[in-house]
Amino acid sequence: MNGLKHFFWLACLLTSLAAHAGLEEFDFTKNVAEDRFKDLISEVRCLVCQNQSLADSDAELAQDLRKEVYDLMEKGQSDPEIVSFLVERYGDFVLYNPPVNSSTWLLWFGPFVLLGLGLIILLRTLGKRGKQTEPEFSDQDKSRLQQILGKPKKDEQ
Amino acid sequence: MPRFIRFLLPLFAFLALATLLYRGLSIDPKRVPSPLIGKPAPAFSLPTLENPEIQLSQNDLKNEVSLFNVWATWCVACRHEHPVLMQLAQTGIPIYGLDYKDNLPDARRWLTQFGNPYRANAFDEEGRVGINWGVYGTPETFIVDKKGIIRHKHIGPLTSEVVKNDILPLIKQLQGTDG
Amino acid sequence: MIPELGHFALILALCLAIVQAIFPLIGSLNNTPGWVNLAKPAAMGQFFFLAIAFAALVQSFIANDFSVLYVAQHGNTQLPLVYKISAVWGAHEGSLLLWALILGTWTLAVSLFSRSLPAEMLARVLAIMGMISIGFLSFMLFTSNPFERLIPAALEGGELNPLLQDFGLAIHPPMLYMGYVGLSVAFSFAIAALIGGKLDTAWARWSRPWTLIAWVFLTIGITLGSWWAYYELGWGGWWFWDPVENASFMPWLAGTALIHSLAVTEKRGAFRRWTVLLALMAFSLSLLGTFLVRSGVLTSVHAFASDPERGLFILVFLSVVIGGSLVLYAWRAPDIPKGGGFSMLSRESLLLGNNLLLIVTLAFVLLGTLAPLLYEAMGWGKISVGFPYFNKMFVMLMPLMVLIMAAGPLTRWKQQNPDTLLKNLRLPFIISIVSGIIVALPAISGSLSAGIAVALSVWLLTTLLTSARQRLRNKNLSAIAHDIANRGGRSYYGMWLAHIGIAVFIIGITFVTQFDVEKDIRMSPGQEVSLNDFVFRFEGVEPKKGANYQSQFGTMRVLKNNKEIAILHPEKRTYQVQKKPMTEAGINAGFLRDIYVSLGEPLGKGDWSLRLYYKPFVRWIWLGGLLIAAGGFLAASDPRYRMKVARKFKPGAQSNQSSTVLAGNA
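Residue numbers (the numbering used here), protein chains in the order written: chain A, 1 to 157; chain B, 1001 to 1179; chain C, 2001 to 2666.
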């Protein structure tokens, strides 16, 4: 990695360890509910330190965006409105919660389609196995078995 | 024949996965493409660096194909891209700047010291306009067409290669049209 | 000198791995006992040289030899000894050496503890493991040499990342690697069996203990990682669905499906093809994880320095191993005979159902992890998939798994009478629903999630108790002891313990998520703040010096009912070389709750911003993990896996059955 990237990565990694400052600067006593604010910013990705949410990151952009979200909440915007504010500017990548739309149906419904398919295959296999008889011994095996058991040969059951 | 196919399915699934991973090796997972491509440039009105009495707005970017370059004096990579910008300016392409979260005297000194490729520079002290343009890491450069629609965003410093391969061809193409 | 010795030892190890991979395999196909018998000495030799190489690197760190590039990057004279040693596997090159050493260890173990294995089978298993060794050793020698020199030598090392200067994180990679690499044993057994064309119950019985032990290590490794993240990262989280975490969870899921499937194949001879496929999948997912961590393809906190060139090498290696194994599977699997039949309601069918759910879970974890890459590669835009997606999916699938998991032990093999089963399930069902409702009542907790979690856990516990009662009925204490000590008992009790672990785990994750309390606050020295029943008195922060760091050392007294119950010391440390501050949380751990305090920023006049947490039942998460691991270990220790058996190896004989075919039946 070149020097700049290395610095960046390290800065992000180590800032992740600083318990995030900055939240006590916001006033949660009036219009903006603390829990709602925290939940919202923890579901948004910081684009500078991309492994951290907006709640955890100390990057300057994260601080700016936290302030922006706070201001929007104070103005009375709803969660979906704030989310689309961010998505309009930064794209879907900024959301940890991928949107549920036609392009993400694979993500959200794929596993259940797989479950359904698997269930069908499973039930069919079970149906077949139920009717399956035990594997037959060959005559050679049968006589070998008799020898081991020390019994005289019998006719088939 | 169908029976045989069933046992090849895991292999096929794996080959698809391996192809995807191979493609992944040439993708930079950190790069965030802009959702603003094809949309009108976000509105703004900011004082210019040169003269705070004069405002720069998105309308100034219209009528010509122009570049909108986001930079700052604290940004090391911007220093590296500066000569490339100077060269671009000499070709006559209008370059407008967004001085992002910077210090006014520092910014003026910077331009005096290293040269000024910009027609005009908007001073975005708080970074709010940057947020509206989806800026997440300086430097970033936008190509805005004659109608004021954003056509391209380059993330990271401009190099002569990038200019030759990505920027200039697109600008020429846009200049040839009305938009 | 020592680094060169280490380097040379690696080269020798590679040569021996090549011998180990080629000759025994060909020998087993041509019936050449001389070549077959090369496997064991080659494995021993390889281990010997790997140990030397590893020791050389450890010595370089201890001796502060900064003329070795890797040591210069990650070592430091001021590091405490234990971290000088753990720095060996703290980054890419050294961790690969650890991987190779652990692979050598497992190979040695397989060669030493497989007396009941026919020589040709052992030869093939060791040969496959040798091929994997070749891959890792070549990767190291050609692209990631830990012994590369730095001329001129650095004066001081770059220091081990402060995050990694921690005991928990020191042993987390070795545990994980023991798991990842251990799954290669099951993989090699599967390949060897496919080559030989013989996949009988003996194969399942040989594979099972190795697989169980690998899975136990993986469980411990993941549990350790979660526990470490909780106490080290400062905000009390314990799982983030980060791509690298997912990369460890996927082999675990496949491994869990595998150990259950192996149980069926061992006991009833059924599911053979599926079990083989699972064995191939589990290790393939380990390799996939290695790729994801080291190639830079995904953004992750855990990723080693990303390098697409190295990524390409791993991808090619991965493709050869996995692709090759799947070709072999496609070729040989159709010839594997079906096992015993079983009816629609039977333990086999429930285990199949459980396998299905585990695979679907694996699918959504894989999908979610790779989706950003998939979408970008296909030009569908750039999305990110984070914890909301994984949590939602997990919460939907987990209850289904628990429902089946509970019914399993109460269901007979081959055919279960539905009425009997329902009769056994009736009481547990009632007790579970009632417990769930009680807990969900507003007077108790008011949380529907908590109610559901309790209902599921009680469902697991009551069905386990019912099953135990049936098994232990008419047994006195000595008979029970006998049951545990001898063949067949331990896999039951292991299952029992592991399933209890799951119940404990469910309570842990649900309760801490639903009922944790967090407070961000600014405090002055002497100030008191209350949270739930606790009173926190802040006593300020003073500077202190540690071994290789400067600390801002905070003191927080915690009182309950006016009695002091804890003094906590949250810290902010600045390490010598990597200057950015790191938090150490102050934690008062308890069986039923943790109290957790972390320092934020100094705000002037001795005031600090702080975070106070109350985390109920959080320890149950890792307790659950440990119980699961203990259960697996208990099951693996079943004496039937260590039965001494007469072997027959006749050159030229068509098959080499061990006579355990008659004796094995538990």
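Rather than coming from a laboratory, the hints here were simulated on the basis of the structure.
Incorrect hints may have been included.
[As the list claims (entries may be wrong)] Straight-line C-alpha distance at most 20 Å; calculated PhoX-like pairs for lysine-lysine:
id	chain 1	residue 1	chain 2	residue 2
1	B	K1172	B	K1153
2	C	K2382	A	K128
3	A	K30	C	K2338
4	B	K1030	C	K2414
5	C	K2545	A	K38
6	A	K128	C	K2560
7	A	K67	B	K1101
8	B	K1164	B	K1039
9	A	K38	C	K2392
10	B	K1164	B	K1062
11	B	K1147	B	K1164
12	C	K2338	B	K1039
13	A	K30	A	K67
14	C	K2392	B	K1153
[What the hints assert, rightly or not] Sample of chain B residues with no beta-carbon within 10 Å of chain A, all distances over it, derived:
id	residue
15	I1005
16	L1020
17	K1030
18	P1033
19	S1034
20	L1036
21	P1047
22	E1050
23	G1092
24	R1119
25	R1128
26	V1162
27	I1167
28	K1172
Don't be surprised by glycine CBs; every beta carbon is placed ideally from N, CA and C.
Hint check results:
1. B:K1172 <-> B:K1153: Holds, at about 16 Å.
2. C:K2382 <-> A:K128: Roughly 45 Å between the alpha carbons, so the hint for K2382 of chain C and K128 of chain A is violated.
3. A:K30 <-> C:K2338: violated, 69 Å
4. B:K1030 <-> C:K2414: Judged against 20 Å, a Cα distance of about 53 Å means the pair is violated.
5. C:K2545 <-> A:K38: At roughly 35 Å apart (the allowed maximum being 20 Å), K38 of chain A and K2545 of chain C break the hint.
6. A:K128 <-> C:K2560: violated, 64 Å
7. A:K67 <-> B:K1101: holds, 15 Å
8. B:K1164 <-> B:K1039: violated, 25 Å
9. A:K38 <-> C:K2392: holds, 19 Å
10. B:K1164 <-> B:K1062: Outside the cut-off at roughly 23 Å; violated.
11. B:K1147 <-> B:K1164: Distance ~24 Å between K1147 of chain B and K1164 of chain B Cα, so the pair is violated.
12. C:K2338 <-> B:K1039: violated, 61 Å
13. A:K30 <-> A:K67: holds, 16 Å
14. C:K2392 <-> B:K1153: Roughly 35 Å separates the two Cα atoms, so the pair is violated.
15. I1005: holds, 15 Å
16. L1020: Per Cβ check, L1020 of chain B is outside 10 Å of chain A; nearest 13 Å; holds.
17. K1030: violated, 6 Å
18. P1033: violated, 7 Å
19. S1034: violated, 7 Å
20. L1036: Violated, because the least Cβ-Cβ distance between L1036 of chain B and chain A comes to about 7 Å, which does not exceed 10 Å.
21. P1047: The assertion about P1047 of chain B holds, with a minimum of 19 Å to chain A.
22. E1050: For E1050 of chain B, whose nearest Cβ neighbour in chain A is about 25 Å away, the distance exceeds 10 Å, so it holds.
23. G1092: holds, 31 Å
24. R1119: holds, 25 Å
25. R1128: Check fails; 8 Å does not lie beyond 10 Å.
26. V1162: Fine: 16 Å to the nearest Cβ keeps V1162 of chain B off the interface.
27. I1167: Non-interface label on I1167 of chain B holds, nearest chain A Cβ at 22 Å vs cutoff 10 Å.
28. K1172: Given that every Cβ of chain A is farther than 10 Å from that of K1172 of chain B, nearest at about 28 Å, it holds.
Comparing the model with each numbered hint stated earlier shows that hints 2, 3, 4, 5, 6, 8, 10, 11, 12, 14, 17, 18, 19, 20 and 25 do not hold.
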